[in-house]
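*Asks:* Listed below, chain by chain, are the residues.
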Amino acid sequence: MSKRIYLSVGLLSASIIAFQLTLMQLLSIIQWSHFAYMVISVALLGFGASGTLLALARNWFVRNIEISLPVLMILAGISMSLIMLVSSTVFGSFDSYLLFVDRSQIVGLVVAYFAFFVPFFFGALALGLMYIHYIEKIGPLYFADLLGSGIGGLIMLLMFWLFYPAQLPSAIAFFPVIAGILILPIRLRLKFIAPAIAAFILPGILVFSPPALPVSEFKSLSRAMNLPGARIVIERSSPYGQIDVVRSPALRYAPGLSLTYQGTVPVRDVIFSNGNWFGPVVEWTRTDTSHFLDYTTNALPYQIIRPSNVLLLDSGTGLFAAHALTRGVGNITAVEQNRIATGLLKNELAGMIDSMYHLPAINPVNLHSRSYLLKDDNLYDLIILPTSESFGGTSGINALEEQYILTREALDEMWNRLSDDGMIAVTAWMDYPARNTLKLLATLVETHEANSDLPVENHLAAIRGWGTISFILKRSPLTLPETQAIRNFCNTMYFDPALLPDITPGERSVYNQLQDDEFFEYIDRIMARGREDFYREYDFNIKPSTDNIPYFSQFLKLGRYDKMQDMFGQSTVPFLEIGYLVVLLTFLQITAAAVILILLPLLVIGWKGSGKLYTVLHFSGIGLGFMFLEITLIQQFILYFGNPIYAAAAVLSGMLICSGAGSLASSRLSTEKGDVVKILTLVIFFIILYIILLVPLLRITINFPLLVKIFFSILFISPAAYFMGMPFPLGLRKLSGINPTLTPWAWGINGCLSVISTALATIIAVEAGYLWVMVIAAMSYGLTLVANLIKT
Amino acid sequence: MKALLIFLLLALNMHPAVAQNYDRMRENMVRRQIRNRGIDHKPTLEAMLSVERHLFVPAGQQARAYDDGPVPIGYGQTISQPYIVAYMTQLADPKPGDRVLEIGAGSGYQAAVLGEIVEQVYTIEIIPELAARARGLLRELGYDNIEVLTGDGYYGLEKHAPYDAIVVTAAAEYIPPPLIAQLKDGGKMIIPVGSPFLVQTLMLIEKKGERITTTNLMPVRFVPFTRRN
Chain A
1 MSKRIYLSVG
11 LLSASIIAFQ
21 LTLMQLLSII
31 QWSHFAYMVI
41 SVALLGFGAS
51 GTLLALARNW
61 FVRNIEISLP
71 VLMILAGISM
81 SLIMLVSSTV
91 FGSFDSYLLF
101 VDRSQIVGLV
111 VAYFAFFVPF
121 FFGALALGLM
131 YIHYIEKIGP
141 LYFADLLGSG
151 IGGLIMLLMF
161 WLFYPAQLPS
171 AIAFFPVIAG
181 ILILPIRLRL
191 KFIAPAIAAF
201 ILPGILVFSP
211 PALPVSEFKS
221 LSRAMNLPGA
231 RIVIERSSPY
241 GQIDVVRSPA
251 LRYAPGLSLT
261 YQGTVPVRDV
271 IFSNGNWFGP
281 VVEWTRTDTS
291 HFLDYTTNAL
301 PYQIIRPSNV
311 LLLDSGTGLF
321 AAHALTRGVG
331 NITAVEQNRI
341 ATGLLKNELA
351 GMIDSMYHLP
361 AINPVNLHSR
371 SYLLKDDNLY
381 DLIILPTSES
391 FGGTSGINAL
401 EEQYILTREA
411 LDEMWNRLSD
421 DGMIAVTAWM
431 DYPARNTLKL
441 LATLVETHEA
451 NSDLPVENHL
461 AAIRGWGTIS
471 FILKRSPLTL
481 PETQAIRNFC
491 NTMYFDPALL
501 PDITPGERSV
511 YNQLQDDEFF
521 EYIDRIMARG
531 REDFYREYDF
541 NIKPSTDNIP
551 YFSQFLKLGR
561 YDKMQDMFGQ
571 STVPFLEIGY
581 LVVLLTFLQI
591 TAAAVILILL
601 PLLVIGWKGS
611 GKLYTVLHFS
621 GIGLGFMFLE
631 ITLIQQFILY
641 FGNPIYAAAA
651 VLSGMLICSG
661 AGSLASSRLS
671 TEKGDVVKIL
681 TLVIFFIILY
691 IILLVPLLRI
701 TINFPLLVKI
711 FFSILFISPA
721 AYFMGMPFPL
731 GLRKLSGINP
741 TLTPWAWGIN
751 GCLSVISTAL
761 ATIIAVEAGY
771 LWVMVIAAMS
781 YGLTLVANLI
791 KT
Chain B
1001 MKALLIFLLL
1011 ALNMHPAVAQ
1021 NYDRMRENMV
1031 RRQIRNRGID
1041 HKPTLEAMLS
1051 VERHLFVPAG
1061 QQARAYDDGP
1071 VPIGYGQTIS
1081 QPYIVAYMTQ
1091 LADPKPGDRV
1101 LEIGAGSGYQ
1111 AAVLGEIVEQ
1121 VYTIEIIPEL
1131 AARARGLLRE
1141 LGYDNIEVLT
1151 GDGYYGLEKH
1161 APYDAIVVTA
1171 AAEYIPPPLI
1181 AQLKDGGKMI
1191 IPVGSPFLVQ
1201 TLMLIEKKGE
1211 RITTTNLMPV
1221 RFVPFTRRN
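These protein sequence lines are chains A and B, in that order.
Using the numbering used here, you'd call the opening residue of the first sequence number 1 and step up by one each time.
Using the numbering used here, you'd call the opening residue of the second sequence number 1001 and step up by one each time.
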């Protein structure tokens, strides 16, 4: 066996992970991220399907390995480069936006699944074929696979900066093509020269002239571009996503504007991220003495205080910063993790906002808001959370987005950052049925109760316009002049108070009537003792989220789904919480497909015979356990580094490379029970250690310099990852000794379970929390341990 | 060319069997989707029976014209679910002598329904291609009392103000001040508000003297979130 095969494996693996990341971004741009998640999850079943095919036709593939292996790699490359052309065809007639209202779209969905499945299938087929054929070299081969994957993830961080999304699949396609040519036997190279050149030319052409992205006509960006005179004035590609700045004389922004407003609603540029609304850039100058936000419920805190220090979390495009400056605030900290957006505001778009981000009064911070709260020790008169666009009225698209700034722990940290008369302010769109408005209130109420013995009703105020509701939670009790000022503001603006220390029922809907008065009954029950009963009785999950279950926008109670369907009808329910439903749907689809893919080979290799129970338990356990732990670690490190992209890259690549090293070292180990049991016991031990120590250790070291944090995280991850890289190659080696026909089946089982685990981990995290995901990771490795204790 | 296509379309639909089929579908639509759901405003029901909805949807989608849902018409727009059109029309409470402004002509269907009842409808569409299509079709169908204008609906149409009713079909996060100013005393505005690309709330705005009140009616996204208790 030539040494080139290791390089070939590395290149192929790097391309597969890079392709996966690229598809995630591409499909998020063309359609939506939850749809991208579903399609890619199903496409990754290519790994499971490759095992099924290898189990069914093992002999043919092995007999022709000299040709089949390089050809499979080249086919993987060609299918990757063709993906943009295929996408244009698929998404010409299919739109996931219509999926729940037009059943004929299901055909398009199935075609999309197949189109994106093919490259993964060819790639996985090549990898699986190598593993079963060169089983004696499984340790170094798996090392090359994992090392390649780790490096592939890191390379993508660079490629996202260098290429536009439409160019990326073809740029990546070179890797598997080179990988295939590398292992093509020399005597066959002449024969294959023409197809090989063609395989290079195709991605080459598509890199330099990629087809246009077939972006859904229903995406925010497409609809903005339909406006008269609309044009994209700035375009940026980055790991944060594709950023587009659109300018049009008909783009206006004034959420919840008072009906008394007589001025002109300002025209603004809009920043879109992956085709979705990110934020408006509203013109502002230093001489402005009023702001249109003065005519919205957002102005509530300014009716009762003149803050000196203001903290803006997820400050986006700086709208609240401009408002605070107009209100004369002298010290504003604006925290936003999207560096590209902040960079645009500081540079290219600075003229529109009178170089606001260069004023001494503004301190822009590029960090995850929660990470900033964990590091910061200043006191503020006012802390403003982002408006509901980011967490409300979104049909549950963001249901599975971890929102660490809206957890109980986050609110506690905000409370501790308040000055004596300081307050937390947040605005949300009114929703029906009420969900995020109630959960916001519940979070504020519980925060107050956890930090003060005084009655909460004296510290909370809320006002409601025709579309929005704004809350404030004040550290000191609201005074009579303050509540009077709020009432005056409401009367001037045609708003209605919803919560005040001395509120009367009659003043709650003078100007703005709701569908019914249930909303007021609900908020009163949340304010009163015994709200736990209300949380249980209410049809949606409005219990405050925590760091363990950080899904603020997840409201659907699975047990009430049938009731919801009865109440709102089949076509409406999906829009109550599309994000979570998509994950559940994904889980059901991939589980059903995985069962078929796992059972199918048994028709050929037989239902009886030794090693089958071992194969199922060993490879299911490591498939589930590895992914469960990886997903949990990524979540924890997002807060630790304050940046999800780099956290994911650091953890993912670190884990893969350390696991690769473990795989390499496993070559020297025997497949005897003793060694494997020791390794698995160590893995379980480390996971238990993480369950106990991970969060406290990360919190203690969060203020360390970045390089120290990177060193610390690798040190923390490496021991478990190292040992987690061993059970797969050891298991395959052992299986080849018991019954070699089972090795492709094992590869398929591992592939299927790895895919299932991503959806399953999310469902467990939503229903029970991340702690349980880690516990189940340990239990999964326990399953593998049991497999090795059973006599085969 | 466009006129020829519309003529062919109309000619095709005049085939007795096809036309009868659409007539029956329309009757079913009004009975099952509209009347059975509580719409009892007689002029609205008559208008919905009269306007040939299938002519307002793209040729390839005509078979779905009378389905209980929206139909895409291009440019990220849809022709609203029949029930929504009827619900908004009933709320606007149009009367024979009224002057109505519509913002967001789209396919022109809502304007046609209003045009069956009131004296004059002005409808503004921001996407020129949609405006041209709606204008051509409404002219072909003989709606002389409907004027389709191309432009930014934010400013309304001051020239013919004030209006007895304003029906806005395009969602926004704000209620345009010029539209409130152009509403007659005692007039009504129906508008979907909220994040334009996601769930919106259908809202009724009433102007009585200096006082303006709002009523949240129901959330909508393609179809209303009507709650059955």
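For the record, the hints were derived by calculation from the structure and aren't laboratory data.
One or more hints might be untrue.
Claimed, not checked - Quick list of the computed label-pair ranges, beta carbon to beta carbon:
#	chain 1	residue 1	chain 2	residue 2	range
1	A	530	B	1178	47 to 55 Å
2	B	1025	A	111	24 to 32 Å
3	A	595	B	1129	45 to 53 Å
4	B	1186	A	85	30 to 38 Å
5	A	195	B	1025	52 to 60 Å
6	A	57	B	1052	22 to 30 Å
Where a beta carbon is used, it is the ideal one built from N, C-alpha and C, also for glycine.
*Asks:* With reference to the structure, classify each hint as holding or not holding.
*Replies:* Going down the list of hints, with the structure as the test:
1. A:530 with B:1178: 47 to 55 Å: holds, 49 Å
2. B:1025 with A:111: 24 to 32 Å: holds, 30 Å
3. A:595 with B:1129: 45 to 53 Å: Since residue 595 of chain A and residue 1129 of chain B have Cβ atoms about 49 Å apart, the given range 45 to 53 Å holds.
4. B:1186 with A:85: 30 to 38 Å: The hinted range 30 to 38 Å is violated for residue 1186 of chain B and residue 85 of chain A, with Cβ atoms some 59 Å apart.
5. A:195 with B:1025: 52 to 60 Å: holds, 55 Å
6. A:57 with B:1052: 22 to 30 Å: Taking Cβ atoms as reference, residue 57 of chain A and residue 1052 of chain B lie about 58 Å apart, which means the hint is violated.
Hint compliance for this structure: hints 4, 6 are broken, all remaining hints hold.
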